[in-house]
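J.: Construct the complete structure from the given sequences, taking the supplied hints into account.
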Amino acid sequence: MEENLRRLLLAFEDWLVREELLGDAFFLSPAEWLKRGESWLNDAVYVLVFDSSSIHYMLNYGCDLTEFDDIFESFGFYYEMGHSWNLGIYPIEDYDFTPTPARSTYSQLLRDPRWKRKADLVKQVAEHKCQDCGAAGRLEAHHCYYARISNGFRPWEYPISSLRALCPRCHETREKVEMSFRAWSAKLTHQQLVQLQKGVDHAGYWIGSNELLELLNESSPNECRELKELHKRLMNKPAT
Numbered sequence: 014m015e016e017n018l019r020r021l022l023l024a025f026e027d028w029l030v031r032e033e034l035l036g037d038a039f040f041l042s043p044a045e046w047l048k049r050g051e052s053w054l055n056d057a058v059y060v061l062v063f064d065s066s067s068i069h070y071m072l073n074y075g076c077d078l079t080e081f082d083d084i085f086e087s088f089g090f091y092y093e094m095g096h097s098w099n100l101g102i103y104p105i106e107d108y109d110f111t112p113t114p115a116r117s118t119y120s121q122l123l124r125d126p127r128w129k130r131k132a133d134l135v136k137q138v139a140e141h142k143c144q145d146c147g148a149a150g151r152l153e154a155h156h157c158y159y160a161r162i163s164n165g166f167r168p169w170e171y172p173i174s175s176l177r178a179l180c181p182r183c184h185e186t187r188e189k190v191e192m193s194f195r196a197w198s199a200k201l202t203h204q205q206l207v208q209l210q211k212g213v214d215h216a217g218y219w220i221g222s223n224e225l226l227e228l229l230n231e232s233s234p235n236e237c238r239e240l241k242e243l244h245k246r247l248m249n250k251p252a253t
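Read in order, the letters of the sequence shown are residues 14 to 253 in our numbering.
One should not assume that every hint holds.
PhoX-like cross-link-like pairs, simulated, lysine-lysine; straight-line CA separation at most 20 Å [to be verified]:
hint : residue 1 : residue 2
1    : Lys211    : Lys189
2    : Lys200    : Lys189
3    : Lys142    : Lys129
4    : Lys211    : Lys200
Calculated from the structure, these hints are not laboratory results.
T.: Shown next, in the form of structure tokens:
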């Protein structure tokens, strides 16, 4: 159980950072929580405290918790709210915490019923349509990324938002495109990668992601020069 808990805390914090939900949230061990003298969650294996974090809003004002709940279940845990600003983490009764065999192949892991449950959930969230082309029919759950090997995550221990339901054709195509994209990203610094992500999210929000990408891909040399002039004006604009 301890190893699953370690991976859960890593995966959950990564997810909070990626979804920009971390805020002032932090974890407390059972000993650290007991020192606070609270009357709740004293039997939890770990406690998450989030005070004014966005997690508070998500958990207390009726937001969709499908992915949030699944993250805990993927590692064999569930959570209970203590106050409106904290939750306790508990092991699921009768969950099999036996480590997977060290020599398990990836194909063997994909035959685990826990992966089938996650794959079925991914397809359900996608409303049983390919998330790349929209086709119905046979679907496969695709990992869009893998964490560091040292973290030891199992295929079913990734958040729903890191997976896509794809038809076999799109699955094969996407794997090749993602490999090419990762190779292309070697040209950029990590800061440029951050700017790329934030820029696409920001501009895509205002003009549409498809429209933004079409603009970048279809601009003529003259239009690119206009974009460069726009960049100069924006960078020289007085701060407000």
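J.: Would you mind marking each hint as holding or not holding in the structure?
T.: To see whether the hints hold, each was checked on the structure:
no., hint, verdict
1, Lys211 with Lys189, "violated (24 Å)"
2, Lys200 with Lys189, "holds (18 Å)"
3, Lys142 with Lys129, "holds (17 Å)"
4, Lys211 with Lys200, "holds (18 Å)"
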